[in-house]
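Visitor: Now for the letters of each chain:
Protein chains: 2
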Amino acid sequence: MKVDGKPYRTIWLTPNGTTVQVIDQTLLPHDFVVRDLDTVEDAELAIRTMIVRGAPLIGAAAAYGMALAIAEDPSDAMLERAYTLLLESRPTAVNLRWALDDMRALLSPLPPAKRRDAAYRRADEICDEDVEICRRIGQHGLVEIRRIAARKPSGATINALTHCNAGWLATVDWGTALSPIYQAHDAGIPIHVWVDETRPRNQGASLTAWELGKHGVPHTVIADNAGGHLMQHGKVDFCVVGSDRTTRRGDVCNKIGTYLKALAAHDNGVPFYVGLPYPTIDWTIEDGHRDIPIEERSARELSHMMGRTESGEMATVAVLPGGSPAANPAFDVTPARLVTGLITERGVCAASEAGLLSLYPEQSKAA
Amino acid sequence: MKVDGKPYRTIWLTPNGTTVQVIDQTLLPHDFVVRDLDTVEDAELAIRTMIVRGAPLIGAAAAYGMALAIAEDPSDAMLERAYTLLLESRPTAVNLRWALDDMRALLSPLPPAKRRDAAYRRADEICDEDVEICRRIGQHGLVEIRRIAARKPSGATINALTHCNAGWLATVDWGTALSPIYQAHDAGIPIHVWVDETRPRNQGASLTAWELGKHGVPHTVIADNAGGHLMQHGKVDFCVVGSDRTTRRGDVCNKIGTYLKALAAHDNGVPFYVGLPYPTIDWTIEDGHRDIPIEERSARELSHMMGRTESGEMATVAVLPGGSPAANPAFDVTPARLVTGLITERGVCAASEAGLLSLYPEQSKAA
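First to last, the protein sequences are chains A and B.
Our numbering puts the first residue of the first sequence at 13, with every later residue one more than the last.
Our numbering puts the first residue of the second sequence at 13, with every later residue one more than the last.
Take the hints with a grain of salt, since some may be wrong.
It does not matter which identical chain is meant; a pair holds if it fits inside one copy or across any two.
Claimed, not checked - In silico SDA-like links for lysine to any residue, alpha-carbon gap of 25 Å or less:
hint, residue 1, residue 2
1, Lys226, Val331
2, Lys164, Pro202
3, Lys377, Pro283
4, Lys226, Arg21
5, Lys247, Leu350
6, Lys247, Gln375
7, Lys18, Thr296
8, Lys126, Pro202
9, Lys247, His301
10, Lys247, Pro341
Simulated from the structure, these hints should not be mistaken for lab results.
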């Protein structure tokens, strides 16, 4: 999508054929800074410190991380070291493992001399595939939005609510949850987005609001606490969120707080959609509550807040009383029973094993 | 309760017999500052800018505001002017109107020369009554906590979850929701409190964490998004919140986000209690969703955050991208069906008209 008129992806290979560049998402919305990734350590640090974040983008960054490692040393030992290093950078997103397994399976059988080119070519492909997947998620989601619009008076604004950032910044381009919204907006459907602030890291306030604003989509930032009240008062026509991991039965692991919005949507008859690309589906697990490890992040994300002072400088301020501990689970699991539909690159299905298998019959256990 | 070993209330009359003092809650947890209220305008400003907040404390401050007005000018005109000025300082809390009606009904029939002393005497009484009410709420709530403790292994920690601040800072002393927790802690029951940060004003992170810490109650601050996840994993034994207004049928209007926690509690079989003093019950309305006006506060509460920098100064930082609007409804309504019990100064009852009338039979329409 565009930033000040110039088209960008979130990650790209530079003309030197080795260095990868990414948008530093820790500085948004205040500063737009592009960072070089020259080594696998740079890639690992970028994932761990959330310079890049969002399940699909993490997968792409991990793929390029493998390529950077192989560019430095194409040995089997480096392949294993890079795989392990990158795998441990974030514990929850399944795309990370998916991309690393894909790269290792490709590179491992090759003679070392052929690994470098193959690694970059595959990382490029993973990025291009992600863009196409997200474009298709948007097209399928657009059908749902048109259906919702058809139930409202002609020309009435459609109000969406989203949590965290599952926009183009979370992917290589287009986004997952936000792709249908961009496509509806581009198709001339009047759409407005309630943007959950998404504490403690404020991805909604800092990333979703920023990217919607840059694209010209009307939106309003709200506290995470406000969505239930808006739904009680008929001010939300549908919710749409992304997913970090989706189980075989349709349980959705996504940013902490997603579950609360799904409960409110269910209580008020508001459709609750999840936009997800197939690599976030974990066919090996069924019960998200039981089987998905939830990353516990630093208490400092809660106790400190970064922003711009009136004099224009960036500053970090402490907002908790000294001595009060904080806990920071980063994700929760929304049970499938609360999800109206899963929007994937192959279409929209019920959040259930039968629903997912209707789109991905090759994953049937009998198959 | 105590602050650094010294007992405090949140509001008190100074020895000069006219000036009222309050703790400036906008500066907590960073600075502990006591402010003088010398005029009704000072009182109105203190309520409107949330130097004092919390439904019971707002009522007490409004009562002293009437006394300050009468001390300046005991005329009927001033009585009416002060009533109107104070009533408009905050639109949602019913205690405000309750205290102002009480003061006006007392003062209006008196000759002007007798109004000053009567006004201060009644404001003092309102404060003392609030302390006694809160102490009793704590005693009744303690019975519920003992019942919950009895279902756990002996000596196991009881985990409570609370939203916003309904502690002693929200009242004159003891608190409403937190009074049972203080009494359980003082009785030697091992209790730990999950404290919702409570965006956008952070009353949980800045006030509840502060006062629990000063009293020595173990607690952990969490993002508002985290409570549902904790309940899914059995880490919350009960929720307890305050109420800004409770309808005749037991709908509870409280800080925005309360409804989401009540939904999660209901979904996970976690008891959800509301601690409230009788002045927050609005017997004139039944349907909280339909009949309670919800205050919309400044977008700046969401877009800016105050805290202490590493160099120790207080600073305010902007956290939203420029140009992104924000909406800030301050309260929501939790329907009675999601509330396990209302804890009042007279006991614990079901959140229903029958439940409330069992404790307040004098409010029966037939009575």
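Visitor: If you check each hint against the structure, which ones fail?
Guide: Checked against the structure, the hints that fail are numbers 3, 6, 7 and 8, while the rest are satisfied.
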